[in-house]
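Sequence lines, in order, name chains E and A. Heads up: the first sequence begins at 18 in the working numbering, then just goes up one per residue. Heads up: the second sequence begins at 1422 in the working numbering, then just goes up one per residue.
Please keep in mind that the hints were generated in silico from the structure rather than gathered at the bench. Every residue gets a Cβ at the ideal spot worked out from N, C-alpha and C, and that includes glycine. Errors might be hidden in some of the hints.
Lysine-lysine pairs mimicking DSSO-like chemistry, simulated, CA-CA at most 30 angstroms apart [claimed, not checked]: (1) E:74 with A:1497; (2) A:1489 with E:26; (3) A:1478 with A:1502; (4) A:1489 with A:1478; (5) E:74 with E:26; (6) A:1497 with A:1478.
Selected chain E positions facing chain A (in silico; Cβ < 8 angstroms) [what the hints assert, rightly or not]: (7) 19; (8) 20; (9) 50; (10) 59; (11) 60; (12) 62; (13) 65; (14) 69; (15) 75; (16) 92; (17) 99; (18) 103; (19) 107; (20) 122; (21) 124; (22) 125.
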Amino acid sequence: DSGVTQTPKHLITATGQRVTLRCSPRSGDLSVYWYQQSLDQGLQFLIQYYNGEERAKGNILERFSAQQFPDLHSELNLSSLELGDSALYFCASSETGTSMNTGELFFGEGSRLTVL
Amino acid sequence: GQNIDQPTEMTATEGAIVQINCTYQTSGFNGLFWYQQHAGEAPTFLSYNVLDGLEEKGRFSSFLSRSKGYSYLLLKELQMKDSASYLCAVRRNTGFQKLVFGTGTRLLVSP
């Protein structure tokens, strides 16, 4: 158990819909990262938050948005869903997200999104 | 940008030794990570290298050569449970860093 909690574990929805994925980082971790993993694809970095502020952005579509709340949990919002958005969405956390430590990422179990 | 290359798939026999290679191209290198991921599960941390050389951790070892942009993960005394994907990831020294992952190497261990 990494200490990172993601909900829901599974989600099935239709094209055009909107969903929200939730992540609670490990206790004390200030940085949260979102990754997308499609079938047989590598982990694609989407976005990073540190202590409530956006710090880095990757290949995140405009239909997707995220935020980190004062209690450090984060939500990833996916809207106008398309079939190609079906994937595993992982949240990870780390202590500070800076170069001052190893910066090992601890991953949650993921949210499997299926768009029909 | 960053380019990270790993073989797509490897096979090995239980009890054997396997080496999974990773090459990368990046500026501002600040660490290379190896993660293990079983199908449909979360990636779990295996090792971290930031200086050249070998880091040993039980049956797993990881090597880094920064000048060559090269790392390998060495798995000894393979067990069936080692069948998984092994992900190489690079971190850059840009302040608040993320990890950029390669596509992973799927290792199949047979009896």
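Please check whether residue 62 (chain E) passes as an interface residue: C-beta within 8 angstroms of a C-beta belonging to chain A. Because about 5 angstroms separates residue 62 (chain E) from the closest Cβ in chain A, which is inside the 8 angstroms limit, the hint holds.
Quick one, is the residue 122 (chain E) hint okay against chain A at 8 angstroms, beta carbons? 6 angstroms, holds
Hinted contact residue 124 (chain E) with chain A - closest CB pair below 8 angstroms: The hint holds - residue 124 (chain E) has a Cβ within 8 angstroms of chain A, the shortest such distance being about 4 angstroms.
Tell me if the interface restraint on residue 20 (chain E) is satisfied: Cβ within less than 8 angstroms of some Cβ in chain A. 11 angstroms, violated
With 8 angstroms as the cut and Cβ atoms as the points, is residue 107 (chain E) at the interface with chain A? Because about 7 angstroms separates residue 107 (chain E) from the closest Cβ in chain A, which is inside the 8 angstroms limit, the hint holds.
Hint validity - residue 75 (chain E) Cβ closer than 8 angstroms to any chain A Cβ: 7 angstroms, holds
Holds or violated: residue 1478 (chain A) with residue 1502 (chain A), Cα cutoff 30 angstroms? Status holds; Cα separation ~17 angstroms.
Residue 125 (chain E) was flagged as interface toward chain A. Is the shortest Cβ-Cβ separation under 8 angstroms? 6 angstroms, holds
Are residue 60 (chain E) and chain A close enough, Cβ to Cβ, to be under 8 angstroms, as the hint says? With a closest approach of 4 angstroms, the residue 60 (chain E) hint holds.
30 angstroms Cα cutoff - pair residue 1489 (chain A), residue 26 (chain E): Violated, at roughly 40 angstroms.
Hint consistency between residue 1497 (chain A) and residue 1478 (chain A) [alpha-carbon to alpha-carbon, up to 30 angstroms]: Holds, at roughly 11 angstroms.
Checking one constraint from the list: CA of residue 1489 (chain A) to CA of residue 1478 (chain A), max 30 angstroms. Satisfied? 23 angstroms, holds
In summary, the numbered hints that this structure violates are 1, 2, 8, 14, 16, 17, 18.
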